[in-house]
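Let the hints inform the model, and build the full structure from the sequences given.
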Amino acid sequence: MNAVPSEGADNRAGPRVVLVRTKESANIGAAARAMFNFGLHDLWLVAPRCRVDHRSYDLATHAEPVLKGVTQVGTLDEALADVTLAFGTSARPRKAENYQVITPRAAAAKLGGDTAVVFGPEDHGLANEELTRCQAQIVIPTVDFASLNLAQAVLVVAYEYAQAGGRPEAPALAGDGESGDPRHTPASRDQLERFYAQLEETMLRIGYTDDRRAPGMLRVYRGLVDRAEPTAHEVAAFRGLLSQVVWATGQAEARSEAPRSGPGEP
Numbered sequence: 000m001n002a003v004p005s006e007g008a009d010n011r012a013g014p015r016v017v018l019v020r021t022k023e024s025a026n027i028g029a030a031a032r033a034m035f036n037f038g039l040h041d042l043w044l045v046a047p048r049c050r051v052d053h054r055s056y057d058l059a060t061h062a063e064p065v066l067k068g069v070t071q072v073g074t075l076d077e078a079l080a081d082v083t084l085a086f087g088t089s090a091r092p093r094k095a096e097n098y099q100v101i102t103p104r105a106a107a108a109k110l111g112g113d114t115a116v117v118f119g120p121e122d123h124g125l126a127n128e129e130l131t132r133c134q135a136q137i138v139i140p141t142v143d144f145a146s147l148n149l150a151q152a153v154l155v156v157a158y159e160y161a162q163a164g165g166r167p168e169a170p171a172l173a174g175d176g177e178s179g180d181p182r183h184t185p186a187s188r189d190q191l192e193r194f195y196a197q198l199e200e201t202m203l204r205i206g207y208t209d210d211r212r213a214p215g216m217l218r219v220y221r222g223l224v225d226r227a228e229p230t231a232h233e234v235a236a237f238r239g240l241l242s243q244v245v246w247a248t249g250q251a252e253a254r255s256e257a258p259r260s261g262p263g264e265p
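Those letters in the sequence shown? Residues 0 to 265, by numbering that gives the first Met the number 0.
Since the hints were made in silico from the structure, they are not lab data.
Some hints could be false.
Beta-carbon label-pair distances, calculated as ranges [said to hold, decoys possible]: (1) 101 - 252: 39 to 49 Å; (2) 100 - 123: 11 to 21 Å; (3) 248 - 123: 35 to 45 Å; (4) 211 - 91: 54 to 64 Å; (5) 143 - 100: 48 to 58 Å; (6) 255 - 145: 47 to 57 Å.
Because the structure is a prediction, the values reported are computed rather than measured.
Yeah, the Cβ is synthetic: ideal placement off N, Cα and C, and Gly gets one too.
Here it is as structure tokens:
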């Protein structure tokens, strides 16, 4: 599904706010208002279970430009395709998974126009599969009750972004960030997801793992690579290595299956 931006989209720099499978239209409006309060304008909806309607606008209150600029897509991968650094949000750390966990304040120092913060649906939050699409997990410190309203969570992250000066204090990823040079350009989520798909296929192809264990094994490597924050050039180099591994495996199999000549045979 192609991204469909609404009329009046605002392309000012700032992290992309991604709402996944939002259930209530009023929450979209309240989230838009929280964004607008602190200078954020780029709102994306992934497979929403509601429409942007009059209740959204009622709760937005002066944040109409954000709602008019909403981009709606069908999958999280589409929303993150051109993003170099994505943060997933959760009420508590998922200890069973290999995620880097940080606070909104720590994340704010890295938020910029090529980054995204992903918020799950109101009823159960982001699924583990969706969190794996993000390099790090934001957990908002609370006291007696961990779960926040969707708009409250957006507000906290937006506030910390504004307090950090509204711009990243350091490059989102390693490298100089020289425009157009893959040696210095951070790998996008689309490039990384293609790499992870090829890695899983290669692990299965060479017998390193099986279908049952592959998801858990891939999470280990996701955590390793995401923390390394590779450039586009480095990801391309890894993919070239994987292609060579598959080719060499095929050559070895072909040699082992070739008929062998007996004594005296040419």
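Tested hints:
1. For the pair residue 101 and residue 252, the supplied restraint of 39 to 49 Å holds, since their beta-carbon distance comes to about 45 Å.
2. Distance hint for residue 100 and residue 123: a CB-CB separation of about 19 Å, consistent with the stated range 11 to 21 Å.
3. The supplied range of 35 to 45 Å is met by residue 248 and residue 123, whose beta-carbon atoms lie about 41 Å from each other.
4. For the hinted restraint 54 to 64 Å between residue 211 and residue 91, the CB-CB distance of approximately 27 Å leaves it violated.
5. Checking the proposed 48 to 58 Å range against residue 143 and residue 100 shows it is violated: the Cβ atoms sit about 20 Å from each other.
6. Between residue 255 and residue 145 the beta carbons are some 55 Å apart, a value that agrees with the proposed interval 47 to 57 Å.
Consistency note: the structure conflicts with the earlier hints numbered 4 and 5.
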